[in-house]
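**Student:** So the protein lines, in turn, are chains A and B. Each step along the first sequence adds one to the number in our numbering, with nothing skipped, and position 154 is 154. Each number in our numbering comes from the position in the second sequence (counting from 1) with 1000 added on.
Read the hints as simulated data drawn from the structure, not as lab findings. Please read all numbers here as calculations on a predicted model, not as lab measurements. Where hints are given, some of them may not hold.
Claimed, not checked - Here chain B is said to cover these stretches of chain A; the calculated rule only asks that three of the stretch's residues, wherever they fall, bring their Cβ under 8 Å from a Cβ of chain B: (1) 4-15; (2) 18-25; (3) 32-44; (4) 187-195.
Claimed, not checked - Simulated crosslink set (EDC-like; lysine to aspartate or glutamate; CA at most 16 Å straight-line): (5) B/LYS1041 with A/ASP196; (6) B/LYS1041 with A/GLU194; (7) B/LYS1419 with B/GLU1367.
Said to hold, decoys possible - Chain A is nowhere near these chain B residues, computed Cβ spacing over 10 Å in every case: (8) PRO1025; (9) THR1082; (10) THR1108; (11) ALA1133; (12) GLY1150; (13) GLY1178; (14) ARG1182; (15) GLY1187; (16) PRO1420.
We treat Cβ as the ideally placed atom computed from N, Cα and C, and that holds for glycine.
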Amino acid sequence: MSSRERVLGRVRRALADVVPDERPYEEAVGRDYLRVHGRRSTEETVELLAENLADYRAIVHRAAAEDVRMLIMRLLARRGSQEMLVPPGLPPDWLAAADPVWIHDRAAGTPQRLDRVGSVVTGCAVAIAETGTIVLDGSPDQGRRRITLIPDHHICVVRVPDQVVSSVPEALERLDPARPLTWISGPSATSDIELDRVEGVHGPRTLEVILLG
Amino acid sequence: MSGTFVGMPVHPAFPEAAREAVHDPTLRGNLRHATHTIRAKRAKAVAEVSDWAELREAGRRIKDHTLRHLDRYLEQLEESVTRAGGTVHWAADAAEANRIVTGLVKATGESEVVKVKSMATQEIGLNEALEAAGIRAYETDLAELIVQLGKDRPSHILVPAIHRNRGEIRDIFRAEMGAWGRPAPEGLTDTPAELAEAARLHLREKFLRAKVGVSGANFMVAETGTLVVVESEGNGRMCLTLPETLISVVGIEKVVPTWRDLEVFLQTLPRSSTAERMNPYTSMWTGTTDSETADGPRAFHLVLLDNGRTDALADQVGRQALRCIRCSACLNVCPVYERAGGHAYGSVYPGPIGAILSPQLRGTASEIDASLPYASSLCGACYDVCPVAIDIPEVLVHLRERVAEGGPAVRAGNRVLLKPAKGHAAERAAMRAARWALARPGALRTGQRFASRTRRLHPRTLPGPGRAWSGTRDLPPVPAEPFRDWWQRTRGAGDDKGGAK
Ligand code: SF4
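One chain only, chain B, in its complex shape (with noise of 0.2 Å):
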């Protein structure tokens, strides 16, 4: 396989994956009923606090910041965590950083890890490669229990069995817990607390004799050498701290310059992400401590990820997307989300982010990439939520013309030109896309407010692709403000809710 491995590499562009999606009732309730109640309470979080457009700022201009001098950050970062008695690899690309991790491991003797849930082990199939090499890994998170249980795809950055209701989770259990370790408890019903303490029991066995882990982080110190977990449960504090051996992958786009800006981030993260004060959990070491006091891993290596982010970095329209601190907000607001659910975007960074991510690190050629940036209907609540302000509507119309047009571009390192999407794909990939939206009221109301307000910008005939299509037809002018919102004004303030869904 050629190009950059994100996770789930055979698929249907997304408005095939999502048909599927749509016409499931249970996905759509389980996924309706998640963001919807996420959505309310995580606005009244961010109302908390009074400087949240000031906190939004700053975690842009530190992200920007630090993306911009990539290169001196990583270099001191190495440095920090060096001095602090860390061992740092970098990896190029998802068989690089497969390859060195299974290395640590085998050097170990060990052939079982503890994980904490991380992003980037998913995006380079890690859980896969160990196992080729004979080593099994435990996810830890009870969401990411469930899916690799239940043999299944996560389908949320944040929540990933989002999709599964407490009915298939309990037939889960109660089929797969004993084929990985301690089975389910006698009568296991499916009420939460019963679930999680189901899940409580299964994985102490593992923590408790584990002794190497894999993490990812969210945050890495380049002052210090600090690598910072958010979590929730306490099996992040557990594989970070019981097992002797550590070993943290991570994206090179997390790191921050300073210490002091974590008090961004520590206070936007958790708001956006679970719609906290703050998350039960949050661990923060620095290299590793001397045998005297000793506490948590002897060892630990950190290996940075590059794997496409370099590619994206070169993109001084897309790279912003790098600034993206995983906290899933935009997933939860985005009407085709709510609609498609996580699969399918057919990589592991679903939703608005995934649409503006994963084309960027795998390259546009496959058609699942190529129809990602259609994935929307630039609708704008995914760049109101985002905590680091990223445009997601200004990338998604940037890949588009990339799809559409083609143009340079950077792949593994390497500067080249890409064609148009060949044929008529890129029509084709926009005219399912909207056919799927026209038979989606919400979606394409929201799509249309954002049209409105961008219609100065909108050609009279197609670029690219298109423009055989267009040249025998006009394309229709785009109102000045959609019909509903018209409706909904000149009927006054009173009635408004009546067209919300």
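The following block holds chain A by itself, in its conformation from the complex (with noise of 0.2 Å):
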């Protein structure tokens, strides 16, 4: 007997007592929480946002269109990064065409060479209000997981408020499952030592969210 047979053979003879006509998965499991806690605006939603990601740790900065592009060579200039890591298919125009080093992100990219790289620049696919969470799916403006962890510091640019939801439950609604999904709540941190919040173990210690429009 395989060890597959084996344990799902335990399973049911475990379960001998549960009644084969049982209520179905969707009775069973009554949904009377909240989809969204409280009722708010567009503009109170976006608001929130900002406050949880900065309650969090993470630096929030909002820009016009027209001046994204300028912000960004700011926030790399004082962070006095050489050479800046983008993915694929960012939107150009938030790229100037000087300064920085802009590396892009190839398969054959080591993480060594990663690591040598100070900054990345990604949009995102969707940012929760609530928990002040930015989820990347790895679609071209946001790359592959790697970009987003080995580099210290990470600029995120999230549309409002197309890109912007309340809650987990509207969040999960928009995500594609078959995606590699990596949802960021503030830069890394660990609270191991005596429950001490520090920034920054293993991935990025800075997380700066550009909230654009």
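Two chains, two separate frames, one set of hints: put the complex together.
**Tutor:** As structure tokens, this is what we get:
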């Protein structure tokens, strides 16, 4: 007997008490919880996102379409990053032609090479106001998971209000489970030493979010 | 060794192990500080969502429904993961899981792996099994790194090094890092920021060259084949993203039916666990991505682990323990855990959940397992905080009965008839636990409160082996209300802080 059969057999014997015509899943699982907590206008939702991002020590900026390029340049200059990593499908108008060296993530880029890059700029798939979370799904403007992981400084551009939802249930509804997903709430953090929160152990230590629009 | 291995096999019974811990002032100080801090934060995070009760109920029902149809959801999961390019393996016990993982690592030709913190791999003793096969496993969670470098054992589900303070951590880093890779920086102090930086540098070296990653998972979605890992530091993302091969070892109870079910647990888990609205990082992956857009590992193996879970499933009262999402909230509110520390429980699952899970996974044949159902004051605080509403006191009482009276149970898939605990072992365990609690007013106080609430259920003579003892003694009736509660109530609300510890 294979282990698969053995385990499934044990499961079935263990569940001998369960009557076969038990209520189906939809009935068995009531969903009396809220889809959204509280009522907010669109602006208020964006405001809440900004607040909660900041509460988890992300640095929040706002920019209109024509200013985003300058803002990104300023953030990079302040950081002193010589090289900047970008996903292949980043909107070209976010990048200036001059100054730092743009490194495009290619399949060939080794982790060691990525480790020498100071900053990364990406878009996002959706942002959740109630929790202060940005979600990346590997679309061309966000790139592979590794590029937002290795550099120490991540700038993420969120288009408001289109990409902003209120809650976790609303976010899941918009996301495609077939894509690799990364949910980010603030910079990397640990509380493993006497429960003192320290930012940045392995992921980027600085997360800057630009609310664009 | 027979039976199910759930880590840390050689053990005195709980009261002895606890006695040692209770007399260690450093440990008690560290634990007290940690559990109280996180407890207060959690209450605030939960109060923020007005529908907590409904989320908790939905979580309970999703998990219950899944468990009651586990065979169906496991088959569906297997199909979804396979369709997405993953390979599914089934492991009936720890030895088999270790064999599978070791074989998979060997097949890659590698001799080291990076690991995401995972209860399942600790439970089966994977690191030791890999080491025996000449494979070095690097723990990459900061707390696990501290435990591994300190040749220590984890003592908390969420913060495994909770029993260590910063000075101890610095000493461990200074003394041990060099033997495992990049040594600690010169002049390392004990500030958390410097310690975290030392860990970052030490581990980055390993991430960047790793070819094989090993993880567990918090959830597996049957409908889509998606696995979910929830973490804070980013070490999880590193291990799930950079290696070419990813092996995930996951208990069969971690499956949920649909994608939508995540909306419940992604709200309740972070708040219960680290008391945050959301943990810094959550990674979700479904099989492997095709080579054109290659993102993450090219090979993905899922090892579905039984190791006693189906035995727990066969117990109609005890099966609810399998709803556990390992948030650790019950540890942080437990007056017994706070004083005894995680090591006293003798398994990788400490605290209230450990007291009901370990004896179910391993059976109650050993002294430690027979004493675990008594390692509680039955105060009910664990039930109140549990985000999937596991009635831990109910299961504890049920397991005490099993220890004392014996009866039918399932071990390694076979029906067996358990004998009552030998001689007066159960009585001894109970009395030792009682003496232990009597020496601790805080634990006793909460225990009394529960006893009062359930007094109608208390027997006048002890069942099973206790009968001989109570045959010549009357059990004192349990008062309707503990004295302390009466005191606080009749003294009025204004003064009730005075009674708390
Ligand atoms: S038993 Fe409940 S409270 Fe305890 S760790 Fe499991 S889910 Fe959390």
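**Student:** Does each hint fit the structure? Answer for all of them.
**Tutor:** These are the hints, each one checked on the structure:
no.: 1; hint: 4-15; result: holds (count 11)
no.: 2; hint: 18-25; result: holds (count 3)
no.: 3; hint: 32-44; result: holds (count 4)
no.: 4; hint: 187-195; result: holds (count 9)
no.: 5; hint: B/LYS1041 with A/ASP196; result: 13 Å, holds
no.: 6; hint: B/LYS1041 with A/GLU194; result: 14 Å, holds
no.: 7; hint: B/LYS1419 with B/GLU1367; result: 14 Å, holds
no.: 8; hint: PRO1025; result: 16 Å, holds
no.: 9; hint: THR1082; result: 12 Å, holds
no.: 10; hint: THR1108; result: 17 Å, holds
no.: 11; hint: ALA1133; result: 20 Å, holds
no.: 12; hint: GLY1150; result: 13 Å, holds
no.: 13; hint: GLY1178; result: 20 Å, holds
no.: 14; hint: ARG1182; result: 14 Å, holds
no.: 15; hint: GLY1187; result: 18 Å, holds
no.: 16; hint: PRO1420; result: 24 Å, holds
Checked against the numbered hints given earlier, the structure satisfies every one of them.
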